[in-house]
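Colleague: With the hints as your guide, set chain E onto chain P.
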Amino acid sequence: MELLKIQQIEKYYGSKSSLTKAIDDISFTVHKGEFVAIMGASGSGKTTLLNCISTIDRVTSGHIYLENIDITTLKGKQLNQFRREKLGFIFQDFNLLDTLTAYENIALSLSIQKVSPAEIDNAVRNVAKQLDIIGVLQKYPYQMSGGQKQRVASARAIVTNPKLILADEPTGALDSKAAKMLLERFHYLNHEHEATIMMVTHDSFTASYATRVLFIKDGKVFHEISRGDDNRKQFFDKIIDVVTLLGGDVNDAL
Amino acid sequence: MLFKLSLSNIRKSFRDYAIYFFTLIIGVAVFYVFNAIGEQTAFLKVSQNTNDIIDLLKNMLNGISVFVSVVLGLLIVYASRFLMKRRNKEFALYLILGMGKGKISAILLIETIIIGIGSLGVGLLIGIGLSQLMSTLVANLFEADMTEYTFMVSTDAIIKTAIYFGIMYVVVMFFNSFMISKCKLINLMQAGKKSEKLKLKNPVLCVIIFIVSVSALGYAYYTAGWKTNDMSTEKLAKLIAIGAVSTFLIFWSVSGMMLRVVMSMKKKYYKGLNSFTFRQISSKINTTVASMTVICLMLFVTICTLSSAFSIRNSMNANLKEMCPADLEIQFVEYDNQTDKDILVDLVETAKEYGYNFEEDLSESVHFHAYRSDNFTFADALGSHLEEVQKKYMYMEYGSPEDIVKLSDYNAIRRMYGKDEITLNDNEYAIICDFKSIKAIRDEALTTDKAVTIFGHTLISKYDECQDGFIDISSQHVNIGFYVVPDNVVDENYASVDFLIGNYNAETKEDKQIIEDKIQNKYKDFFKDYTSSVNDRHIGYRYALNTRIDIAEATIGLGAMVTFIGLYIGLIFLISCAAILALKQLSESVDSISRYEMLRKIGAEESDLSKSLFRQTGIFFLLPLLLACVHSVFGMKFSTFILETFGTEKLAESIGFTSIMILIIYGGYFLITYLCSKSIIKSHKQ
Chain P
1 MELLKIQQIE KYYGSKSSLT KAIDDISFTV HKGEFVAIMG ASGSGKTTLL
51 NCISTIDRVT SGHIYLENID ITTLKGKQLN QFRREKLGFI FQDFNLLDTL
101 TAYENIALSL SIQKVSPAEI DNAVRNVAKQ LDIIGVLQKY PYQMSGGQKQ
151 RVASARAIVT NPKLILADEP TGALDSKAAK MLLERFHYLN HEHEATIMMV
201 THDSFTASYA TRVLFIKDGK VFHEISRGDD NRKQFFDKII DVVTLLGGDV
251 NDAL
Chain E
1001 MLFKLSLSNI RKSFRDYAIY FFTLIIGVAV FYVFNAIGEQ TAFLKVSQNT
1051 NDIIDLLKNM LNGISVFVSV VLGLLIVYAS RFLMKRRNKE FALYLILGMG
1101 KGKISAILLI ETIIIGIGSL GVGLLIGIGL SQLMSTLVAN LFEADMTEYT
1151 FMVSTDAIIK TAIYFGIMYV VVMFFNSFMI SKCKLINLMQ AGKKSEKLKL
1201 KNPVLCVIIF IVSVSALGYA YYTAGWKTND MSTEKLAKLI AIGAVSTFLI
1251 FWSVSGMMLR VVMSMKKKYY KGLNSFTFRQ ISSKINTTVA SMTVICLMLF
1301 VTICTLSSAF SIRNSMNANL KEMCPADLEI QFVEYDNQTD KDILVDLVET
1351 AKEYGYNFEE DLSESVHFHA YRSDNFTFAD ALGSHLEEVQ KKYMYMEYGS
1401 PEDIVKLSDY NAIRRMYGKD EITLNDNEYA IICDFKSIKA IRDEALTTDK
1451 AVTIFGHTLI SKYDECQDGF IDISSQHVNI GFYVVPDNVV DENYASVDFL
1501 IGNYNAETKE DKQIIEDKIQ NKYKDFFKDY TSSVNDRHIG YRYALNTRID
1551 IAEATIGLGA MVTFIGLYIG LIFLISCAAI LALKQLSESV DSISRYEMLR
1601 KIGAEESDLS KSLFRQTGIF FLLPLLLACV HSVFGMKFST FILETFGTEK
1651 LAESIGFTSI MILIIYGGYF LITYLCSKSI IKSHKQ
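Protein chains in written order, with my numbering: chain P, 1 to 254; chain E, 1001 to 1686.
FYI, nobody ran anything at the bench for these hints, they're computed from the structure.
Even glycine gets a Cβ: it sits at the ideal position worked out from N, Cα and C.
Incorrect hints may appear among the rest.
For each label pair, taking beta carbons as the anchor points, the in silico distance ranges come out as [claimed, not checked]: (1) E:G1667 <-> P:D132: 43 to 53 Å; (2) E:M1265 <-> P:S145: 28 to 38 Å; (3) P:K75 <-> E:L1125: 36 to 46 Å; (4) E:V1590 <-> P:I134: 29 to 39 Å; (5) P:N161 <-> E:S1679: 32 to 42 Å; (6) E:I1113 <-> P:N161: 53 to 63 Å; (7) P:D218 <-> E:V1590: 33 to 43 Å; (8) P:N161 <-> E:G1225: 57 to 67 Å; (9) E:M1265 <-> P:N122: 14 to 24 Å; (10) P:G228 <-> E:S1679: 46 to 56 Å; (11) P:D218 <-> E:A1290: 50 to 60 Å; (12) E:S1679 <-> P:Q138: 57 to 67 Å; (13) E:V1590 <-> P:D121: 32 to 42 Å; (14) P:E194 <-> E:A1290: 46 to 56 Å.
Chain P with its partners taken away, still in its complex shape (with noise of 0.2 Å):
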């Protein structure tokens, strides 16, 4: 089913005399249950392209739908509920509240939506259990692991039931064994909760987890390979080969 259908957006920046266009006519459709990675250099539009897709930015031209809604005419009050309802988002440097604990933070995004107290509480042991952050949560941001903080925000993302989970580069800023852990975890929500997981990185590593890679570059969609029945190590190499043929910044990033 498709869930996500992006249709010949383009976004542009600055004024008429030095253009910069960030997307570039990109389209392209996500399947519900799918777990997909956009993979670019720095300044490819990969971020921008997030950005559009959670409302956070506009485009400048061209349509998002999302479960057939086009979200580029929401505004105001809609395109918070928009986001509160149908989003999850994962953010590089966690964005958890420093003066709440954990089980607050989670506990947050329900109350914003008013869930009723006694809901909640299911809901945060719940997706704590999933993450494996039972033990975190009566912590402060201060007294967590990167790992631990960013597992607390994957479970703010996704206690909602978000129709899509945005993650911007979740792995940046975590050591090896954390990304993998983290990483295990995404794999664990797509692959038994059918989770839809729309992930920017430029570590191929973290991009061979998904079941698809879109490649960006200079604002278009360079290239595209799904795993099909490949393993993650054979994933990997595809990745890696596409990366060399793209050259560059990439290379320098892995």
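Modeller: Same frame as chain P, now just chain E:
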């Protein structure tokens, strides 16, 4: 180059500086307005008496200005240090780029000069505008004629304001340079990366400390509010110390408990942004316990000062109508230098001898004399209570004879004052007294010792307590008590002070003033002759001349003075408190920008964010005010005791007026802070 950098710095961080700048401007304006009062009042057509009072007022305002400048100086140093801290990263960048510490100090110096000159200029302009309004207020307070009023600028006040604020800014400059020379690059660079450590305080300890400090405060309240008779300076200082420490501990413990309590109310806590809001508030209170305490105590002083000042003025003016029902009162008595015995002198006859007839100028009058005997003193009147009272009030005069007045004389006065007559049986007497603390002592004595012996007659008090009333015209309830006895009781051998009380034979204010001047002049002439004559006769004399016009001028003057001083101190304290709170809240909003960004990303409504911010700011402003109000309830109870002689009838009105002032200034700061914070957290939105 440095100048350009300074200027752009100010422009860039204008949002941070706005409240600081605003406060400086108000400070300068208030300072100017109160120091310009002298010149602003020069045009007023007032009597010599009022002029003297205005001179006294000027001197007092001068003295208070020194105190005020110390308060403002501390505020400015605090605020600038606070703003400096926010710029640590900027300073780190300068240092990394190779700028010397001397140059950074120079940048700050230029900034301070720009801000100083700017605030001084704008503040003085506003001050000059406001002082025109002040002239109207002054004229109103002194009930003076304003017809010759012109727009006025006081050069003296401008120079004085410039010098005082100049000194303050110089202190700030030194302070800033000192701070810069002391700091290390590594600390500056890491300044932004503070990981806020939140540790919940031990709840049991919090509860214990809360209970202890509340009981300590209760004790202080009780002692100040109800045990006022035993108060001494030492004791008062002790109570103030207890109050201050308890205030600190209450804020300390409440910040710990409040979150726990709210957290336990799960339904409330996990609703909307409540958890976020409460965490923000509690972390803010946690880190600002000390300044909250100072602000709370300053607000307390402000409320009490303002209310008391307005109350004194209001009730004095109200008392004037009630307590001054006649135009003129003269008392006169001679006494023998050797035996100290009073000698009755008929002052109306004496005046005639000197060529003045009171009847010419008085439309109505009562002429009588009181009686005194060394055998009937205050000590005798207290009877068996004497020892007990003496223990409590060691410095009171107990040996002075009591004044005794004939019933018919007293009733004549009551008739003239427009009051009902009183009746006494042949064996009865009444004590007339309206000075509250003395009345209490007399009433206490009356409970057991109702019978007294006056001039050989044994009399019983008709009433169980002293009766309200007075003979002397005055502006306050200061009648410490006299005895009214049946006419046949008195012994003319003990005749004492001769009284003449009356009203001028005139209708208009101008005509009354003419008679007043005439009598005052006659009085002076008479004493010139008289004093030279008594010296050879071994005779002393006591006299008093009270007129309604004199009393009114003194009262109005005193009321105005108290009002000005109250307003001055109150205003400065209020803006200082509000400015500190505002600065704290604004900087906290800047620190929280990323938190609001995050909340937006997870879909929080803009209206919910505003609501949360409003609550945070509101509670932060309200908390110290709330405790200050509770303090003030009991503080005012104590101050009404002190102010008893002035009367406290108009207290409600004064408190109302004080509340309005606080609402406008404190509320204004709150509103500005809220709106600024709102724009701060909004600014990063795309």
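Colleague: None of the hints should be skipped; say for each whether it holds.
Modeller: Verification of the hints:
1. E:G1667 <-> P:D132: 43 to 53 Å: At 51 Å between Cβs, range holds.
2. E:M1265 <-> P:S145: 28 to 38 Å: 32 Å, holds
3. P:K75 <-> E:L1125: 36 to 46 Å: 45 Å, holds
4. E:V1590 <-> P:I134: 29 to 39 Å: 36 Å, holds
5. P:N161 <-> E:S1679: 32 to 42 Å: Roughly 35 Å apart at Cβ, these two residues keep to the hinted range, so it holds.
6. E:I1113 <-> P:N161: 53 to 63 Å: 60 Å, holds
7. P:D218 <-> E:V1590: 33 to 43 Å: At roughly 37 Å between Cβ atoms, V1590 (chain E) and D218 (chain P) fall inside 33 to 43 Å, so the hint holds.
8. P:N161 <-> E:G1225: 57 to 67 Å: 60 Å, holds
9. E:M1265 <-> P:N122: 14 to 24 Å: 19 Å, holds
10. P:G228 <-> E:S1679: 46 to 56 Å: Taking Cβ atoms as reference, G228 (chain P) and S1679 (chain E) lie about 53 Å apart, which means the hint holds.
11. P:D218 <-> E:A1290: 50 to 60 Å: Between D218 (chain P) and A1290 (chain E), where Cβ atoms are some 57 Å apart, the hint holds.
12. E:S1679 <-> P:Q138: 57 to 67 Å: For S1679 (chain E) and Q138 (chain P) the Cβ distance comes to about 36 Å; the hint is violated.
13. E:V1590 <-> P:D121: 32 to 42 Å: Holds - the Cβ-Cβ distance for V1590 (chain E) and D121 (chain P), about 34 Å, lies within 32 to 42 Å.
14. P:E194 <-> E:A1290: 46 to 56 Å: With Cβ atoms ~55 Å apart, the hint holds.
Taken one by one, the earlier hints fail for this structure only at number 12.
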